[in-house]
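Protein chains: 2
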Amino acid sequence: MRVFNFSAVRRLPLYHSVLRDYQRSGLQQISTQMLAKKANMATPVVKKDIEMTGATGKTGVGYDIVGLIGKIETFLGWDNPNDAFLVGAGRLGSALMAYEGFSRTGLNIVAAFDIDPSRIGSKVRDINILPLDKMVSLAKRMHVATGILTVPENQAQQVADLLVTAEIKRIWNFSPCVLQLPPDITLQREDLCAGLSELMLRAGVQEKQNPKPLFSVESPVVS
Amino acid sequence: MRVFNFSAVRRLPLYHSVLRDYQRSGLQQISTQMLAKKANMATPVVKKDIEMTGATGKTGVGYDIVGLIGKIETFLGWDNPNDAFLVGAGRLGSALMAYEGFSRTGLNIVAAFDIDPSRIGSKVRDINILPLDKMVSLAKRMHVATGILTVPENQAQQVADLLVTAEIKRIWNFSPCVLQLPPDITLQREDLCAGLSELMLRAGVQEKQNPKPLFSVESPVVS
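As they're listed, the protein sequences go chains A and B.
Under this note's numbering, the first sequence has 181 at position 181, and the numbering climbs by one with no breaks.
Under this note's numbering, the second sequence has 1210 at position 210, and the numbering climbs by one with no breaks.
Worth flagging that the hints you see were computed from the coordinates, not collected in a lab.
Below 25 Å or equal to it, Euclidean Cα-Cα: the simulated SDA-like pairs (lysine to any residue) are: (1) B:1037 x A:157; (2) A:38 x B:1185; (3) A:38 x B:1181; (4) B:1037 x A:183; (5) B:1123 x A:98; (6) B:1047 x B:1074; (7) A:37 x B:1181; (8) B:1047 x A:8; (9) A:38 x B:1153; (10) A:48 x B:1180; (11) B:1123 x A:119; (12) A:123 x A:134; (13) B:1140 x B:1165; (14) B:1038 x B:1057; (15) B:1038 x A:179; (16) B:1058 x B:1074; (17) A:71 x A:22; (18) A:47 x A:6; (19) A:123 x A:140; (20) A:38 x B:1004; (21) A:140 x B:1206; (22) A:123 x A:106; (23) A:37 x B:1154; (24) A:37 x A:5; (25) B:1134 x B:1081.
With the Cβ distance kept under 7 Å, some of the chain A side facing chain B (calculated, not the full set): (26) 4; (27) 92; (28) 94; (29) 95; (30) 170; (31) 172; (32) 176; (33) 178; (34) 188; (35) 190; (36) 195; (37) 196; (38) 197; (39) 199; (40) 202.
We put the CB at the ideal spot given by N, CA and C, even for glycine.
Based on the sequences and whatever the hints tell you, model everything.
The structure is reproduced here in structure tokens:
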């Protein structure tokens, strides 16, 4: 079995964004240095991350941009369609249903489910919001393997159990709840507080390195 | 300068959630093993992560739950209030404004800004949505140091430049755009595609370990 460095996996979408920007601007080749600079990462880290995808560059030329984009997409599984159900069509759920960034990943939210009658029957983009009690039978019939959980914390375990009943194998949990699930379910916890905490700690380190009066009156854009 | 393991930093909010659950249930002490089991992590990883916060357990007794919660909160800076402005009060911005999970982190979104007249003047929870052209002067006057960016990709760089003009030092960017910013700005990119990709790769690994005839259709993981 191959063991992945998931910190590296999480950086690949960033490189993908940079490469797409360069592709749009008409560039065909890119060096690791250029990619690293634009992504604001160290070159050896970028090099190692990209090696993981199996892409190979040419000395003095760099990577073919279209080829590297393809390698990243294949590695991340973005070139396979991935049908998902979303449960909890509140603010966060609706934001995910409308999120344009998923289009490049193959994620296809085929339906959303809720218990709130004021939401049931409406749509976000072209995704229908259906009653939760239809979820299990629909998931089994449509062979949906991915579930996105955007319900309030106190309902998350109960709805996750329902997703398991629906034979859903991968759960992407946006609630702060710590779910207990059977071992054959892959659970990804998306904790918005984690990103925030990383920002604050990195800012603390950076502000210690560059101790500037944080609220100086003169121009802040001193580089 | 202290160097942080940011993968570990990102796991601390998970432990915090587990500990709060145990605290609510009336427990006072917890072993690393118990914490690891509930968090679905390996014990040595949890032990090492917790050491980072400076917390110390007692052999055969474990950690004092209230004390450990406090250590994590102090380490992550959650015990300091952190005033932030949010720009882009669309679906994702509104979801963040309403997100209950931030209450434990000290994050306080004091105002949101938009250019859409239909949004300006309204509120999400008790947060006012104000016209974007008020942002710079208000940020300077209120000494707001954190900016949350939830605008469409094609506006992200322009709005980020405005946040820099507003003397904001930390930018939490939810757009897939790769921002170019002065080096004294701390930038955290929150890429929803990263979490999704991690889920899919981990599922690919797990489904290979437990091959079931169910729906392990695509296998994006090259092993």
